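Chemist: Take a look at the letters that make up each chain.
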Amino acid sequence: MGLKDKYAVVGVGYTPQGKVADRTSLSFHLEAVSNAISDAGLKKEDIDGLIAYRHFPPCPGEPDLTPQLLAQHLGMTPAYMYQDAN
Amino acid sequence: MLEAGICNYVVISYGHSGLWGGGMRQLLFSTRASEAAFGHFGAVGRYALAARRGMHEFSRGPETWKHIAMGQRKWANLNPAAIMHHKPMSEEDYFNAPLVVEPFRLFDSCQMNDGGRAIIVTTAERAKDLKQPPVLLMGMGLANPSNEIGQAQYMAGPTGAKPAGKTALDMAGIGLEDIDACQIYDCFTYTVEVTLQDYGFFGHGEGHDWLQGGTIEPGGRMPVNTSGGQLSEAYFMGLTPIAESVMQLMGRCGQRQLGPRTQTKEPQIILCSDNGGTLQSHACLIFRRG
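Each protein sequence line maps, in turn, to chains B and R. Start counting the first sequence at 0; every next residue gets the next number (numbering that gives the first Met the number 0). Start counting the second sequence at 0; every next residue gets the next number (numbering that gives the first Met the number 0).
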């Protein structure tokens, strides 16, 4: 019983990191997702699940970044979306 | 969702303008009046409270934590993407850094940064046909005794790491002796000490001895947070340790790659943690080379 050896991580997406001026939190999500998809050798259309990792309160002036909002900006319609709780 | 066949490829993403966009500073304003009345602001204060109790019960505090801060910095010095890549840290640097909230100095705290990180998860079967060598999830354990320290039933552990670690190891069918390296959620140095202790890598209060002689550093017998971690690479919640576990097992870590290049064991199995709610919620993941 359990998950042992049934699932795999197949791609990692990075972005610039540190003090990066003039960027929104959303833009980092979009870049990280896009880079992870190409790292895995997949296409955007292959992705059918979207989970936003647990997160802090939104930055001043930014909306809360729900998976629904990420999906809209990514141009995806995932079968499953989830927002991790803290 | 993968098991049920609802999804084939799941992306997990994090993005935050934590520094330039002021996101991390928002934590200072999420404090309740009952805490603020005692000068208790933000995440540093909450973890400092737990760490102080830890020092009362088992930890030697900064004398132990300096090994974690300096050891992880050595890894960051091998990682061109790490925020602290060009900044070596001496013992003097560690102790000369200003106190933020006692007993934490500046270098006991993780980075505040902008950026994002994402991973793709699929079935082991589908993974075989993809571009990268797959990294398999061997075990997972979750334990969430509370979701904030104000509602905690303990202050100095054992944290959720203890039951979560046992569940994950049992699922993987292995013991700690099979673990080649660890990527531990390291919002603060103390988090690394108490998490490794609760997993059972050393006995109660024996962290100081265990860390002697560069245990977690390049060349050490149990490498920890080999990207530099949240303390010295960058903070992306649990995706800092998860991404590094995966990249190490894929063999894509360049100068900091575990194995002959860093005089460490070639990694087959890496243990990884995430925690939240000030040492309350906890996830332990065990990955292996596919």
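Hints listed in this document are in silico derivations from the structure and should not be mistaken for laboratory results. Quantities reported herein were computed from a predicted structural model and do not represent experimental measurements. Keep in mind that a hint or two might mislead.
Footprint (simulated), chain R over chain B, 3 or more residues, beta carbon under 8 Å [unchecked claim]:
(1) 10–17
(2) 26–39
(3) 42–52
(4) 61–75
We put the CB at the ideal spot given by N, CA and C, even for glycine.
Chemist: Any hints from earlier that this structure breaks? Give me their numbers in increasing order, please.
Modeler: Of the numbered hints given earlier, the structure breaks none, since each of them holds.
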